[in-house]
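Protein chains in written order, with this note's numbering: chain G, 1 to 219; chain U, 220 to 618.
Worth flagging that the hints you see were computed from the coordinates, not collected in a lab.
Just so you know, not all the hints are guaranteed correct.
[Unchecked claim] Straight line, CA to CA, 25 Å or less: simulated PhoX-like cross-link-like pairs of lysine-lysine:
no., chain 1, residue 1, chain 2, residue 2
1, U, Lys-227, G, Lys-147
2, G, Lys-179, U, Lys-227
3, G, Lys-200, U, Lys-227
4, U, Lys-230, G, Lys-179
5, G, Lys-147, U, Lys-230
6, U, Lys-513, U, Lys-559
7, U, Lys-469, U, Lys-559
8, U, Lys-545, U, Lys-469
9, U, Lys-513, U, Lys-545
10, U, Lys-230, G, Lys-200
11, U, Lys-506, U, Lys-469
These are the residues of each chain, in order.
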Amino acid sequence: MQYLCTGCIYMVWSRINTRRQQKDNVVRTQFEHMNEEALAEGCSRHHEAARRELYERYGGMMLAVCLRYAGNRELAQDWMHDGFCKIFSAFHKFEWRGPGSLRAWMERVMVNVSLQHLRERNVLDTAVDFDEAPQAYEEPDHEAVQKIPPRVLMQFIGRLPAGYRTVFNLAVIEGRTHKEIASLLGINERSSSSQLARAKVALARMVQRWMDENETGYE
Amino acid sequence: MNDELWLKEIKRQLDGYTEPLPPGGWEQLQQRISPRKAHVMHLRHRAFWAAAAVLVAAVSWMGLRWVQQEVVGATDLSMPMDEAMPVATLSEPSSLPVSTGGASATYTVRSRAERLAQADAVRNEGSVATVTVTLPAGEEEGKETEEPSRAETQGGEEVRTRPVRSLFSSDNHRRSATTSSRRHGGWSVGVEVGNVPSATSLLEQETGRQPLMDDMPDYAGRLQEGYAADLLKSPVPLRAEKCVSDARHKWPISVGAMVRKELGHGWAMETGLLYTYLESDIRYEGKATYVTQKLHYLGIPLRGSWTFVSQPRFSAYLSAGGAVEKCVSGRQDGAHYTVKPVQCSLTGAAGLQYHTSRHTSLYVEPGVAYYFDDGSSTVTIRKEHPFQFRLQAGFRLNY
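This is chain U alone, in the form it adopts within the complex (with noise of 0.2 Å):
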């Protein structure tokens, strides 16, 4: 074959020529090349979606079991609340005469069967009165409060009662909505409004039957003990405050402003300002009227989450964190009202978000939050729950 020296020539020209090579041509090439790499990865996520999907609800379940299980209200509200209760250990009931309110009573303090027995048999004791705490408990939903129950014992003294708040009642929820938190990088300025369903028991739900102590053994045991202790230390009537009898929650409302911070590789944190209403309706102790009370708090919430799946249109995500609010102004009765202490509370959260846009996504976030006692003695929903589970809902614009 003659080579031409023009052909010689082009190809020379063309010996070691390089095109441009195409944007991203490496990742699309990575994808082939490791195909393998990809079918882990694509285990992986899956196996992510299945955590993080048993993660929700694990989360869910552990939040009504929870609430199941949970004493509803912390003390007895026939008792000031801030007041420490002693707890006193006995190795056998005895019978101690003490003296309240000019009355004579004798407080007993039983085993967990002789308190059963004790409630069953409450209106046929003999000549001890015996005054049995149960513990104290919310409405129904959709059913009006319930008086007390009250049976008389031989010795004057009531034993009272009071129906188990349901876990979704219609006067303990509030609704959440949710906007504004960056999807990629850098910071992101958002609204949110939150809302935390309050968590109470099922027991009435379920059984049809007041809540008595031995569905709850041990707390209302400690409770009937250190009560009695504590008369017998003082022999002064324990009611020298207002105690509240019976308190009814209204929906909380929060409404906040966040701030968020990409960290990378799926963390971010996330902080702002958070505005907290509180609204309740308090009967106090030998009242017949309720006073209406309203809180409104500050806080600054701080929270920390990791996406561990992140798919086009998907993603999954854990949060955790707290919040430090202060109670700003109140009202109760239409007087001036406030809380000095400061509310503490923990949050953890595990997160589903659809992005339908680039801009924008719909999440939902199921989790739990508990409230520490601020140490004062007004009653709102979170000192009566202070373990919550909560699920939100909400709106994210990304930018």
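So that you can see chain G by itself, here it is in the shape it has in the complex (with noise of 0.2 Å):
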């Protein structure tokens, strides 16, 4: 009697169980496929599944982006998640304009939000002589370029000096003007003219040791 009442509850429990997981499981699953509008609709609603739809759809290149300015995994992890938080609270200003609109609204709070945090550390002014490079230096050839793997070219970016990895990163990556980038970071426009000549000098040379390590073949 007793292992009947027993399996009588666990039945009913499993039931109960699975259908809970059914549902969870339909909802992830709606948002799995949805376009970027109807994910921007979900995530202003505060759709628990919406935001993780968006997180693991978009969290890896917000992370890359946090870790171009970083230069540091660990830091990057934490600034990736402080956007993803202001992106969560900030949604009812986001307006959907068109395929890509998203990504490059939230490619941009990850930027601000990295720039603040660079400010706060108070790393962004400092130059530093690296290697006593030349104002001079040899342009890669752009084919060869592209034999770098992207994890690697990261790499590189990561090993500069937080200066002019930052206003490489504004003047390369996002197109931004020396006065732009001035005016984000609080220097000058010389300053930044020269932090982004120092950073194509050591990225260069960076550039050149791994062709010439690696011996890619277009030679």
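Both chains come to you apart, so use the hints to assemble them.
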């Protein structure tokens, strides 16, 4: 009798549990196949499943953005989570304007969060002699750069000093002018230009060294 | 700004580049993005902890209160245990002459106030010999068993009163230690040692006097009425079988092997095999010496539990269930003795558990248990105290 009761209770409980899991899976599946606009709509309504889908779909890219500025993975993860907190809290301000607008908006938020953290660390205007690099340098062949894996390029950028790295990201990756960079970082335009030049030199040397070590065959 | 081709290539390669997300990253983020929910959950957990503490205290208080009000002994021990007690309803007191054992005696059914007056003035009773039936009680803690005090009436009948057994009598406690049940998912196997303190009245301790019928107003009255009514039906002496006049119960001991299955969402079921040892010293009517009664029970318990608070170090849960036990062996006064009917019981408890490590934990589990009358004439601590407050504390191994 006892075992029969146990069995009945277990069957009932299993059924309830299965239904709950199915419901959760259905909700998650809904958002998995949603486009950017629908996903943004779900996040603006604070759907937990939509937020999770947004994190899993774009989190890797946002982490890469933060890593380019932080140069350190642990810092990058913290900054990324800070960025997502700001994104989720400010979703009511986002207006979907076409494919890619959500990602672009999120990347801007991530960049701003990264810059804020860099300002707090007070490392943006630090000029560091980087192996006494000459002003002139041999530009690497762009075809050779194609052979370099993106993660290696990320490592090269991560090795740059914080100031050089930030200016490089804003100027080359984000496409900002020196005037805008100077305004963002609180430095003058000449300092921005100087740091960018030094960053290019250092990066070029790293690219060249890698090509020499790996003998990519472009010779 | 001149856009070198190699820089453009770098930009192109890093466009859309993704890094692997950290493991558990979403869970970490979830805790940060929903501080309000976390706050609500924190408040909910605190509410649960408060509810758990209140529940534990309430169960303990209820058990103690129930124990204080409980009638000690289901029946008058001078009567056969397995006889049904008829209840006679009388609108007015009446004196009914009956005969028993060759001696004349008049059993008077009285109202409550009259019984009180009768108890106080029993020695001064007139021509009516009255048997005042008081409820048997146990022994006081740390004291030797007292002989029932007797006051003879003019009719030669005896007024028997007995001291009340104290709640935490040393004779009626048994220790508990419980080991092994699983903490996280799947199955677990454990060994349990159980302990149930008996339930007795604190009346004598509080008032310094023996309980009289006025303290247990209705039960004793019905008892007397039924006794008188039964005597009316049959003039044959009631003492046709061996009757127990006194019983001293020793600490019961339970040992069991339990299997626990986690059902998810805090629910779990537990069953196994339970061994209980009951020992009592019994004196039968007309005998001067006590005989030792030793009973061995095997039973199958079944319990369900729900963990409503689960923290890294603490958890609180509710459990309820029952058990079916059968006496598989016994001895009384050296001779083989057994109890044929099965013993059923219901239990309920609220527990607090402290996780000392990943695989070990300590717990305390106050609760209550009710033992159904098995219908036998065997006197055990469960027969006398069917509703008991219990406190279990032990050690669990989890894997």
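Hint check results:
1. With a C-alpha separation of about 14 Å, the suggested pair Lys-227/U and Lys-147/G falls inside the 25 Å cut-off, and the hint holds.
2. Taking the CA atoms of Lys-179/G and Lys-227/U, the gap is near 20 Å; set against the 25 Å cutoff, the hint holds.
3. This hinted pair checks out: Lys-200/G and Lys-227/U have alpha carbons roughly 12 Å apart, not beyond 25 Å.
4. Of the pairs offered as hints, the one joining Lys-230/U and Lys-179/G holds, with about 21 Å between alpha carbons and a cut-off of 25 Å not exceeded.
5. Among the hinted pairs, Lys-147/G with Lys-230/U is consistent with the structure: their alpha-carbon atoms are about 14 Å apart, no more than 25 Å.
6. Simply put, Lys-513/U and Lys-559/U have alpha-carbon atoms about 15 Å apart, close enough for the 25 Å limit, and the pair holds.
7. This hinted pair checks out: Lys-469/U and Lys-559/U have alpha carbons roughly 22 Å apart, not beyond 25 Å.
8. Distance restraint check for Lys-545/U and Lys-469/U: the Cα-Cα separation of roughly 19 Å lies within the 25 Å cut-off, and the hinted pair is therefore satisfied.
9. Of the pairs offered as hints, the one joining Lys-513/U and Lys-545/U holds, with about 14 Å between alpha carbons and a cut-off of 25 Å not exceeded.
10. For a cut-off of 25 Å, the pair hint linking Lys-230/U to Lys-200/G stands: about 13 Å separates their Cα positions.
11. Pair hint Lys-506/U plus Lys-469/U holds up; C-alpha atoms about 20 Å apart against a cutoff of 25 Å.
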